[in-house]
Amino acid sequence: MKPTDFSKYLSDYLSKYLPGERGMSHNSILAYRDTFILLIRYYKDAKHISVNKLTMDKLTRKDIVAFLDWLQNENKCSDSTRNARLAALRSFFSYVGYEDPTFLNEGLKIHTIPLKKTGRKSINYLTVDGIRLLLKQPNLLTKSGRRDMALLSLMYDTGARVQEIADLTVECLRLTKPYTIRMMGKGQKVRIVPLIEQQVLHLQRYMADECLFDSKKAKMPLFSSGCGRKLTRSGISYILNKYVSKARVESATLIPEKVSCHSLRHSRAMHLLQADVPLIYIRDLLGHESVVTTEIYARVDSKRKREVITNAFVPTSEEPNEPVWLKDTNLLDWLKSL
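Counting from 1, one number per residue, gives the positions in the sequence shown under full-length UniProt numbering.
Keep in mind the hints are simulated off the structure, nothing from the lab.
Check each hint, because a few of them may be wrong.
[To be verified] Restraint-style ranges between C-beta atoms, simulated for each label pair:
#  : residue 1 : residue 2 : range
1  : L135      : K44       : 44 to 54 Å
2  : D5        : S260      : 38 to 48 Å
3  : N52       : G23       : 56 to 66 Å
4  : Y281      : T55       : 49 to 59 Å
5  : S260      : P114      : 28 to 38 Å
6  : V51       : A208      : 47 to 57 Å
7  : K44       : K136      : 47 to 57 Å
8  : V65       : E21       : 23 to 33 Å
9  : K62       : K258      : 18 to 28 Å
10 : V190      : L135      : 52 to 62 Å
Note that CB positions come from ideal geometry on N, CA and C, so glycine has one too.
Start from the sequences, fold in the hints, and give me the full structure.
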């Protein structure tokens with residue numbers, strides 16, 4: 001069966017353009033791929049057009065808008081997810097228009113589909129006491145407990161994304177002073193993150209359990225499951241949630257009902273900010289491209305803002321002991337007569 005122009009462009013887009021010209025990570029490409037899986041399903045279910053009959057001329061602005069509505073009505077996806085799907089489609093049509101200008105006009109029309117406004121989400125983070133309680137939960141007398149302690153404390157100390165933790169290999173660690181770990185962030189950007197001595201001790205105990213000091217294991221995943229496979233994002237989330245549930249039994253006040261792996265990243269950033277660490281250093285730790293992204297933590301720290309405003313307050317006049325109208329009996333009588 002002869003491939004359609006849509007299948008050819010999509011194949012080249014996902015396998016050549018995104019990893020080659022755009023330098024996208026594997027996980028980002030998978031997220032873009034999922035958009036087209038949903039798009040193909042929409043055309044099959046809603047428009048009764050199978051994938052082997054789906055051609056570029058059938059991908060109109062009107063149909064893309066209908067697809068986005070279908071995502072929200074049938075799949076119950078959020079506005080932010082809808083916007084992410086639209087971004088993937090815009091990128092695809094830009095690529096196709098470059099490859100074949102006959103599709104440029106329809107691509108420009110699709111670029112006029114507006115993003116939906118999304119409310120700013122509140123940042124979910126734990127207090128310092130909450131982090132202490134969470135990290136008290138792993139049983140350090142067991143191998144799995146020592147692994148989980150090394151894993152969770154590393155996630156917090158480095159402020160790493162869960163995928164960055166999952167992708168770590170043994171050779172990413174430098175266990176001689178100065179202790180560091182090499183993280184591969186978004187867009188294949190590498191950053192070096194310092195490690196504190198206590199964290200290194202947790203890692204060394206865990207690595208001794210797993211015999212990871214053998215030079216032949218340098219390229220092995222740093223964190224693996226009981227059967228020796230690399231821990232996935234869902235596997236790491238499962239481990240975290242297990243200890244979150246245990247910690248909530250001790251104190252539901254300190255541990256929010258919903259704690260994600262990203263909550264540990266948020267917590268680290270907030271605690272550094274509260275310790276007066278400059279935003280540019282927090283930016284570098286988290287791997288943000290711009291300090292503007294990091295400024296979100298400064299905006300949400302209402303306690304810190306209140307302290308700054310209070311300390312900076314300059315009285316403009318001496319405060320009276322009582323309101324002026326209570327001193328002026330004529331004024332008081334007049335006010336009462338109103």
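Against the structure, the hints:
At roughly 48 Å, the beta-carbon separation of L135 and K44 lies within the given 44 to 54 Å, and the hint holds. Between D5 and S260 the beta carbons are some 41 Å apart, a value that agrees with the proposed interval 38 to 48 Å. The beta-carbon spacing between N52 and G23, approximately 31 Å, falls outside the hinted interval of 56 to 66 Å. With their beta carbons about 52 Å apart, Y281 and T55 fall inside the hinted range of 49 to 59 Å.
With their beta carbons about 29 Å apart, S260 and P114 fall inside the hinted range of 28 to 38 Å. For V51 and A208, the hinted distance range of 47 to 57 Å is satisfied, since their beta carbons lie about 52 Å from each other. Checked against the hint of 47 to 57 Å, the pair K44 and K136 passes, with Cβ atoms roughly 51 Å apart. Between V65 and E21 the C-beta distance comes to about 28 Å, which sits within the given range of 23 to 33 Å.
K62 and K258 have their C-beta atoms about 38 Å apart, which leaves the hinted 18 to 28 Å range violated. Between V190 and L135 the C-beta distance comes to about 27 Å, which lies outside the given range of 52 to 62 Å.
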